[in-house]
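Based on the sequences and whatever the hints tell you, model everything.
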Amino acid sequence: MTPLILGLDTFGDAMHDERDRPLSHAATIRNVVEQGVLAEQAGADFFGIGEHHTSDFPMPAADVVLAAIAARTTRMHLGSAVTVLSSDDPVRVFQRYSTLNAISGGRAEVILGRGSSIDSFPLFGYDLADYEDLFEEKAGLFAELLHGGPVTWEGKTRAPLYRQDVVPHTEFGPFPAWIGVGGSPQSVIRAARYGYSLMLAIIGGSPARFAPFSRLYQQALEQFGRAPLPVGVHAPGHVAATDEQAREEFWPRYRDVIASVGAARGFAMPTPDTFQREVGPAGALYVGSPETVAQKIAANLTVLGASRFDLKYGMGGLSHPTLMTAIELYGTQVIPRVRELLAS
Amino acid sequence: MLGAGHSGPVLARVAMDAGYPVTIAASGDPADIELITQVLVPGAEPRWAAAAAADADIVVLAIPLHKFATLDPSLVAGKLVVDVMNYWPAVDGVVPMFDDHRLGSSEIVQRRLRSSTVVKALNHIGYHELDDERRPAGAPDRRALGVAADDPRGLDVIAGLVDRIGYDPVRLDSLGAGRILEPGGPVFGVSLRRSEFDQAARADAA
Numbered sequence: 001m002t003p004l005i006l007g008l009d010t011f012g013d014a015m016h017d018e019r020d021r022p023l024s025h026a027a028t029i030r031n032v033v034e035q036g037v038l039a040e041q042a043g044a045d046f047f048g049i050g051e052h053h054t055s056d057f058p059m060p061a062a063d064v065v066l067a068a069i070a071a072r073t074t075r076m077h078l079g080s081a082v083t084v085l086s087s088d089d090p091v092r093v094f095q096r097y098s099t100l101n102a103i104s105g106g107r108a109e110v111i112l113g114r115g116s117s118i119d120s121f122p123l124f125g126y127d128l129a130d131y132e133d134l135f136e137e138k139a140g141l142f143a144e145l146l147h148g149g150p151v152t153w154e155g156k157t158r159a160p161l162y163r164q165d166v167v168p169h170t171e172f173g174p175f176p177a178w179i180g181v182g183g184s185p186q187s188v189i190r191a192a193r194y195g196y197s198l199m200l201a202i203i204g205g206s207p208a209r210f211a212p213f214s215r216l217y218q219q220a221l222e223q224f225g226r227a228p229l230p231v232g233v234h235a236p237g238h239v240a241a242t243d244e245q246a247r248e249e250f251w252p253r254y255r256d257v258i259a260s261v262g263a264a265r266g267f268a269m270p271t272p273d274t275f276q277r278e279v280g281p282a283g284a285l286y287v288g289s290p291e292t293v294a295q296k297i298a299a300n301l302t303v304l305g306a307s308r309f310d311l312k313y314g315m316g317g318l319s320h321p322t323l324m325t326a327i328e329l330y331g332t333q334v335i336p337r338v339r340e341l342l343a344s
Numbered sequence: 001m002l003g004a005g006h007s008g009p010v011l012a013r014v015a016m017d018a019g020y021p022v023t024i025a026a027s028g029d030p031a032d033i034e035l036i037t038q039v040l041v042p043g044a045e046p047r048w049a050a051a052a053a054a055d056a057d058i059v060v061l062a063i064p065l066h067k068f069a070t071l072d073p074s075l076v077a078g079k080l081v082v083d084v085m086n087y088w089p090a091v092d093g094v095v096p097m098f099d100d101h102r103l104g105s106s107e108i109v110q111r112r113l114r115s116s117t118v119v120k121a122l123n124h125i126g127y128h129e130l131d132d133e134r135r136p137a138g139a140p141d142r143r144a145l146g147v148a149a150d151d152p153r154g155l156d157v158i159a160g161l162v163d164r165i166g167y168d169p170v171r172l173d174s175l176g177a178g179r180i181l182e183p184g185g186p187v188f189g190v191s192l193r194r195s196e197f198d199q200a201a202r203a204d205a206a
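Chains as they are written, first to last, in our numbering: chain A, 1 to 344; chain B, 1 to 206.
Worth flagging that the hints you see were computed from the coordinates, not collected in a lab.
Just so you know, not all the hints are guaranteed correct.
Unchecked claim - Sample of chain A residues facing chain B (criterion: CB under 10 Å; computed from the structure):
#1 I189
#2 A227
#3 T242
#4 Q245
#5 T271
Given the structure is predicted, the values throughout are model-derived calculations rather than measurements.
All residues carry an ideal CB built from backbone N, CA and C; glycine is no exception.
Spelled out as structure tokens, the structure:
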């Protein structure tokens, strides 16, 4: 049976102090390191950092931050959530995460994807219209790099490689690699084709609608002659002592973040009604007491045939102490409760 | 259904539920989308785009907008075309052909598909909501969805389709009027009943 993995993700959401004044980017990053260390102490199996390039999420170099956490932890896996592979060089991504794997004694993972922001494309000189072609080709090369040994490769998106030895070599074979999928069935097929595990990013609407994706993935693996691979879920949320407290802490931050992103991108503002729907059993947000959040995680893992859940904690403007409490509650209460619910 | 990405399969499934026979095509070989069709739209038939379009009465354009320039207009000549695409530069990047503030994206689509009848519909509901928010006619919480076209007959047919799928069609009598359905507009991505829809549209016009 596939082991159950329960982790935490952050995008390095810009934090405020307890008097609601914005912290510097540097202080936010240092706090993320402390949060990662606490995540292991509290009992999380995985800590992931999603690459972002804006002032609201000052987190472009996730691997550096993960390395700092690796130096102060011993058990928990550490990975990207996600690495925007299309605007990066697969060789460099491999080198950085293989280095993290060395530092952490074999605890590195990568989740490859696009994420929902597009800032890295203009920043690094890529055209978003090429997204599909870039991702397809780079995901293929990254799979070969993971495999180990000299790589011979030719494509359109980077210089060719001829029997290239790419270092550092991994100690114990390929480290775990996933593809994060938002809603594209073709991405599901691609993950299966290259032998990546599947991470379903479910950030809005009913989680159950992703169940066919899970089936599609397993059937595609079979069609490609591959052994079954795990399916995971990434979703946003917040844990506090009570449902009421969790909602009160999370809602104004969520509203402000979505409103500011929404104003730039032209989508609908959340209302108390839509928020209520999203935190309810049929919605995408895991906001509440440890019991509420655990029940929802267990229910959705079952519906989705998934063996991993990564809670994307935090929301721009929440304070470090509030997030530390959320991490503590997730690790010490949500995780054991989910295990209990799924064992029975 | 032209497109087997985020929205194509969901649209195909709700259309099948409403009783329409559906074929689905991506940009290449139907074999590439056979499994997707089997699992996500059981009962639909994967085909080459040209064949699927030739045999269809209604063609739904659910391809990424930046790929629209590569679509051969003759493929859908004479057809009733439902444009569910959005020009959403902050999310999908700038597409030069659509970067014209004087025209709505469906007006630009219509200009290029000169021999087709273009109807703008089903673009302002998230593909992740399309399944769950369906309600039978008369349900008090039935969601209103705008349908815009220059051609009154096409408008009627697609309003009928939206109704059969499970939404309350709000008719807008030109593609230009359909601009209120676009990203950044008053009804984009918002779940509204008909009265709320009308109110939001009026407030936007004021």
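How the hints compare with the structure:
no.	hint	in the structure
1	I189	holds (7 Å)
2	A227	violated (18 Å)
3	T242	violated (28 Å)
4	Q245	violated (28 Å)
5	T271	holds (9 Å)
When held up to the earlier numbered hints, the structure conflicts with 2, 3, 4 and fits the remainder.
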